[in-house]
Amino acid sequence: MAKNRIKPSEITPEDVFLNRRQIIAGAVAMGLLPGFASDAFGAAIPADGESFQNIAKWPKSLDAEPNSWDVITTYNNFYEFGTGKGDPSRYAHLMKTDPWSVEVTGEANKRGRFTLEDILKPHGLEERIYRFRCVEAWSMIVPWVGFPLGDLLSRFEPTSRAKYVQFFTLNDPEQMPSVRYPVLEWPYREGLTIEEAMHPLTLLTVGVYGKVLPNQNGAPLRLIVPWKYGFKSVKSIVRIHFTERQPQTSWNMAAPHEYGFYSNVNPNVDHPRWSQASERVLGGSGFSALISGRQPTLMFNGYAEEVASLYTGLDLVKNY
Amino acid sequence: MPRRHEPHAGVAHEMPPHEGAQQAGSRPGASPSFRILPRDRIALLKVVVAAGCLVPFAIVFAKGAALIPFGANPVEEVLHSMGKTGLNLLWITLAITPLRKLTKQNWLLRLRRMLGLFSFFYLMLHFLTYAVLDRGLDFGSLVVDVTERPYITAGMLGLVLLIPLAITSTKGWQRRLGRRWTKLHRLIYPAAVLGAVHFWWQVKADIREPLVYAVLLGVLLGYRVVDAQLRARRRREAAATVAAGRSA
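These protein sequence lines map, in sequence, to chains C and G. If you read the first sequence in the numbering used here, its first letter stands for residue 1, the second for the next number, and so on. If you read the second sequence in the numbering used here, its first letter stands for residue 1001, the second for the next number, and so on.
It is possible that part of the hints are untrue.
[Unchecked claim] Below, a list of computed lysine-lysine pairs in the DSS-like style, where the Cα atoms sit at most 27 Å apart:
| hint | chain 1 | residue 1 | chain 2 | residue 2 |
| --- | --- | --- | --- | --- |
| 1 | C | Lys85 | G | Lys1104 |
| 2 | G | Lys1046 | C | Lys85 |
| 3 | G | Lys1204 | C | Lys318 |
| 4 | G | Lys1046 | G | Lys1104 |
| 5 | C | Lys60 | C | Lys96 |
| 6 | C | Lys163 | C | Lys57 |
| 7 | C | Lys85 | C | Lys211 |
| 8 | G | Lys1171 | G | Lys1204 |
| 9 | C | Lys57 | C | Lys110 |
Hints were generated in silico from the structure; no laboratory data involved.
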């Protein structure tokens, strides 16, 4: 098993936790934060800009050792920064995540532009340890920090015609060197049915290992849809669009026969170019890491009990 | 160390005639050091090139021995490193002939066999990494991959084509096969094309890197086509001149 540099127990250093008020006060005194901020900072935004406080432990987390901080933050697919796995950690610092706002459009009563603070303020944070299964047949175990997406979407009061939700990633060539190349349809877009979006497992994610998401992991706001392949979990969200018709998704536009709208983790439906029956667990060191083998992939990435009912009557071979 | 003059017949296809002429010209009367130096240089060059060829393997070994850390996906790292190195060396092997002709540096030819064999070594390791480390020698999944996944079919076929070339790369086989050796070793062309196709079909969306390989291969193979046509034209012209001289 992988040795982790950061253990879950180290997520919020005790001294930071105990001194959080002084840290906020210090920031206010130095003029880094406006004076009223200490009120606005509920559970959501970390006072020191790094570590979240008051993270509740989600009772249904995977009982498995998470991958190390290094693995989680240096092996990323974030094509806006390059198509190599190491490109995002190399170039994502070019992205500015503060200030950040999200535009809400389409079939909802409350539309408009919302600041990150507006979005996060009312929500309490949870740490949820999920398995992250990439369509490329590898997986890692990640202690995400966030809250159910549905709690946020309800605040926008979607109308009865909101059958789907589409999400857009930031698309700025100044901050994202790779969007100059038409590798995918920019801005990166993804979508869920409204039922999937409202499902309690769907996490609007702001952190990992108790800390603010590193940019390469999709700061400041991303989805984690644990029963779907990783590319469904759109990063650095700037727009949420409620719609009646099934929305476009970037990978589906790039290769429709390889990446469907649903893209549920399914060991019985292979990617045309590789098997999805098993997956490589990331991490490890030395020769032992080379012979650690693969593990069988679970239906809906192990969350079948919770989500299978969303797809009753749907042919999952056709609707891959 | 005693030196042995190699008979021309054994290396004729490896050394073009004018190289033999150059050596012959430097034989009698020239100072012994002048005659020996090129051979020493070639030997030294071979050692240096071999050492360079082994660097990617040494890096993987150092990572296995935990002297350097692996990234997050060690098997993929080894797989890609071996495959890419194998392709690079295959392309370099194919560049020897054009480079030799354009620069008139005939000694380049002396490196070709070693480069080709190193390419085969890495491509074989690429295959073994996939079959043993990634697939765990699961025969069923290997069969499905090779038969149903076109990029793997292409890669396997390319590697299989290289096997007879590696086997017959020795001087003994060169002698035994004679002219057929040259014909047989033209299999490197379809093998390289299959390698480029394997790379292209394997990427998810970003085709820039395989595109570079394909373009370079196009240049390397295109050179041969153009070169052959030019030579054929020169032969025709020479024949026409001779014929004209006769009729006059």
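Here's how the hints hold up against the structure:
1. C:Lys85 with G:Lys1104: violated (42 Å)
2. G:Lys1046 with C:Lys85: violated (35 Å)
3. G:Lys1204 with C:Lys318: Roughly 21 Å separates the two Cα atoms, so the pair holds.
4. G:Lys1046 with G:Lys1104: Distance ~19 Å between Lys1046 (chain G) and Lys1104 (chain G) Cα, so the pair holds.
5. C:Lys60 with C:Lys96: violated (34 Å)
6. C:Lys163 with C:Lys57: violated (31 Å)
7. C:Lys85 with C:Lys211: This hinted pair holds, its Cα atoms lying about 21 Å apart.
8. G:Lys1171 with G:Lys1204: Status violated; Cα separation ~42 Å.
9. C:Lys57 with C:Lys110: violated (31 Å)
When held up to the earlier numbered hints, the structure conflicts with 1, 2, 5, 6, 8 and 9 and fits the remainder.
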